[in-house]
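Visitor: The residues making up each chain are set out below.
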Amino acid sequence: MNGEHGIEVVSLHKDYRVHRREAGLWNTIRSVFHRTYETVHAVRDLSFRIEPGERVGFLGPNGAGKTTTLKVLAGLLHPTSGSVRVAGHTPQLREYWFLKRITLVMGQKQQLIWDLPPVETFAQNRAIYDIERDTFERTMKELDDLLGIFAIASKPTRKLSLGERMKCELAAALLHRPEVLFLDEPTIGLDVSMQLAVRDFIRSYNERTGATTLLTSHYMDDVAALCPRVIVIDKGRLCYDGELRKLVQTVRPDKSIVLRYTERPDRVALERIGTVTECDNAKAVVRVPQHQVRDAVAHLLLDPNVHDLTIEDPPVEEVLRELFARTAEARL
Amino acid sequence: MSLTLGAQYRWDFLVQGALSVVWNALGIVPLYVALHGRPPVAGWSYEQVLVVVGWFTLLKAVLDGAINPSLTAVVDHIRKGTLDFVLMKPADAQFLVSTAKFEPWRVVDLVAGAGILVWAFHLMGVVPRAADVVVSTALLLVAVAVLYSIWIVVVAAAFWVVRLDNLSYLLSSLLDFGRWPVSIFKGFVRLLFTIVIPIALMTTYPAEALLGRLAFRTAALGIVGSLVFALVGRLVWTRAIGRYTSASS
Amino acid sequence: MLRRVKVLRAYPTLLRVGFAGAVAYRAEMLVWMLTMTMPLVSLALWSAVSAAAPVGRFGQRDFVAYFLATLVVRQLTGSWVVWELIQEIKSGALASRLLKPIHPLVAYSAENIAAIPMRALLAIPMAIIGIVSGGGKLPHDPPLVAALFLSLFAAWFITFCVMAMIGTLSFFMESSYSIFEIWLACFMLLSGYLLPLELFPEWVRRVTYALPFRYMLSFPVEILIGLASPAEIARGLLVQGSYCVGSCLAAIVVWRVGVRRFGAFGG
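Chains as they are written, first to last, in this note's numbering: chain A, 1 to 332; chain B, 1001 to 1249; chain C, 2001 to 2267.
The set of hints was computed from the structure by calculation and includes no laboratory data.
Check before you lean on any hint, since a few could be wrong.
Pairs of lysine-lysine residues, derived as DSSO-like cross-links and limited to a Cα-Cα distance of at most 30 Å, are as follows [stated by the list, open to error]: (1) A/Lys283 to C/Lys2090; (2) C/Lys2090 to A/Lys235; (3) A/Lys109 to A/Lys141; (4) A/Lys283 to A/Lys235; (5) A/Lys109 to A/Lys235; (6) A/Lys235 to A/Lys246; (7) A/Lys159 to C/Lys2090; (8) A/Lys159 to A/Lys109; (9) A/Lys155 to A/Lys141; (10) A/Lys155 to A/Lys109; (11) C/Lys2090 to A/Lys155; (12) A/Lys155 to A/Lys100; (13) C/Lys2090 to A/Lys100; (14) A/Lys141 to C/Lys2006; (15) A/Lys109 to C/Lys2006; (16) A/Lys159 to A/Lys141; (17) A/Lys100 to C/Lys2006.
If we strip away everything but chain A, and leave its shape as in the complex, we get (with noise of 0.2 Å):
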């Protein structure tokens, strides 16, 4: 693979017209003589650059315009103004090698057809995209590798359980080669095992053929585990862009020491050290800024009756929520 499947955004925007209808018989009739419409801003501004080969994670509440802006990288919504590159093409016109050099991966959709074994899907794929023999055979050896599709493949769709239609989907997904992944949602719906399956095959694929891979989810583990670098978006402006361990560094510089004791800890006492926000008979939590964590963890091993002690980061959901928190106040 060449160094050209990047991905380049530069002001984008992206407007919806929705036409508002409130609920009544009598706005029901006139919504069918006149419409009122209503501008929605989904994509507000939004400018970066992802480089060939990057993991990178899309976070942010409902609606804050992730699902939009990866549409938007794939072609299926043009811009309203900004513009967009992906691997050296503009996505809007769907030109044929841009359409083979990408892929999309709906969790809630799927695309193997239902009634037919997954391999009647991957052969269809594999003429629709035009793949030579062997490669498809090497392709389709190194997903079995991965995933173990040979297995399950010659089912129909239908009788397959969940996470195995996920894996196949996977591979459906996968066998053209593409070198730009977007992943909207992959492991929703499915249990925590296969949730680690998955992630594991993402970080294999794109360690293995140096595709650039973004993805959105709802599970932060999946873009904790997977995406050292994160793209938060809120209300369709970007909120951040960068590693998500500096993120969870500036935003909330505190750590949370666990302690356990034997005896009922002294509540006045810790809250000389930090901020109490868990006490009880056998059981405290503290929160510290960062760079007191070293005095207050020395401090704390002095008391005989602390008979364990763990440090712990704060949930990234918190540390999000916060972040939308300060953006909302700077912005007021």
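Using the hints provided, position chains B and C relative to the given structure of chain A.
Guide: Same frame as chain A, but now just chains B and C:
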């Protein structure tokens, strides 16, 4: 509840209403070309066949407006597995399932059917006797009951063969054979449509009653037959539900 | 240009997979075919009417031949792409198709064509038996048979393009189903589905010869049961050809506009 949903789509109402008129007119065109101004066929003149067409239109309105939408809704429920919600409600499942959805614009079809009847009698220059009207209305209700029972049996079949999306079209297509009087058919087919799938019962008998030529015995037999049908329908339904709920998901 | 040729190389596979899908759906297909009872209902009427005396040049046996032929041709040339399009546009599944490097209409056409062998399997034997036992004669003259196949293909093609166009209108409105119903009503009346076009008054007949409906149904039927003279067949094929080109262009244009709208409004 489903009426308000229908009322929301006022525009659809108008369009569908207009289409109803078009379809009904279309149904009469071949009849007009075939029979108008020609000698009667199998004992039926053009105007008399119009009476059958009028009843047919009324029955079709009930089928398309009330029965079929519910059928499609039930098949959908079964496929998506949401029939369980229906079964958990504290009312008779058969009743709930039957009143799931309506298409209110089929009212236009009802009006059209009545209009055709009025026009037919106007062409003939007679007015039907009151007694005849009563008998034929009773037979129409009987017809609806039979249709409903057939429908219940079809829905019960859907428990086993869930992939049939076009069941409602099948029922409509079968009813289409009731467009003409049953004496137009010959031999074996005629027997089929009188006894096995009593389409004759549904449209020809009410028409004959209205025209004053239905023997009392035939009318009585028809009513008894429909009761039998209704019983069979209910039996099939309860068996099917029994199997559905006892089978594990 | 080279890219378009490359994409067409995928067509045989699409046909094969489409055929597998049709076989998997055979129960539904059977039911769909059984719901097509309109010609038989019409036959019942005309058969009874012509028992006493022929109507026009149609005696009772001629009506049997006509309506059975109509049934078969309809089964072979019908297309359900309008339903598929409406469904997929509403559900958003069209997005998956748009991401593939093959035009969705091309993919649909493959699926539709692939279903024809299954339908033919059921329809053709029935038709042959019906027509022959009715005393009719099937065309066995090579140029006639060729004309028959050409007209059947053209009828299917025009039907497909028109159905695709109507389905595409769902990009612009809630559901183009009502437009489809209007079309269907016109089709039934003017294509020879309800009754032979010959039986209409002369001025109506002349109008139907200009409209596309005849070329979607009645024309192949006329060739099949020998109602058309060689001159009429030649003329008819030319008109069919132009409707093929016209409907294809119209479908492509409407599609392009529709997809652009899809891209602007979020699908």
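Visitor: Does each hint hold? Answer for all of them.
Guide: Going through the hints against the structure:
1. A/Lys283 to C/Lys2090: 54 Å, violated
2. C/Lys2090 to A/Lys235: Since the Cα atoms of C/Lys2090 and A/Lys235 sit roughly 26 Å apart, the hinted pair holds (cutoff 30 Å).
3. A/Lys109 to A/Lys141: 25 Å, holds
4. A/Lys283 to A/Lys235: 39 Å, violated
5. A/Lys109 to A/Lys235: Answer holds: A/Lys109 to A/Lys235 is near 25 Å, not above 30 Å.
6. A/Lys235 to A/Lys246: Roughly 22 Å separates the two Cα atoms, so the pair holds.
7. A/Lys159 to C/Lys2090: Satisfied, since the Cα-Cα distance of roughly 26 Å is no more than 30 Å.
8. A/Lys159 to A/Lys109: Roughly 17 Å between the alpha carbons, so the hint for A/Lys159 and A/Lys109 holds.
9. A/Lys155 to A/Lys141: 18 Å, holds
10. A/Lys155 to A/Lys109: 20 Å, holds
11. C/Lys2090 to A/Lys155: 29 Å, holds
12. A/Lys155 to A/Lys100: 27 Å, holds
13. C/Lys2090 to A/Lys100: Measuring from Cα to Cα gives roughly 26 Å; hence the hint holds.
14. A/Lys141 to C/Lys2006: Within the cut-off at roughly 25 Å; holds.
15. A/Lys109 to C/Lys2006: 28 Å, holds
16. A/Lys159 to A/Lys141: 23 Å, holds
17. A/Lys100 to C/Lys2006: 13 Å, holds
Hint violations for this structure: numbers 1 and 4, all remaining hints satisfied.
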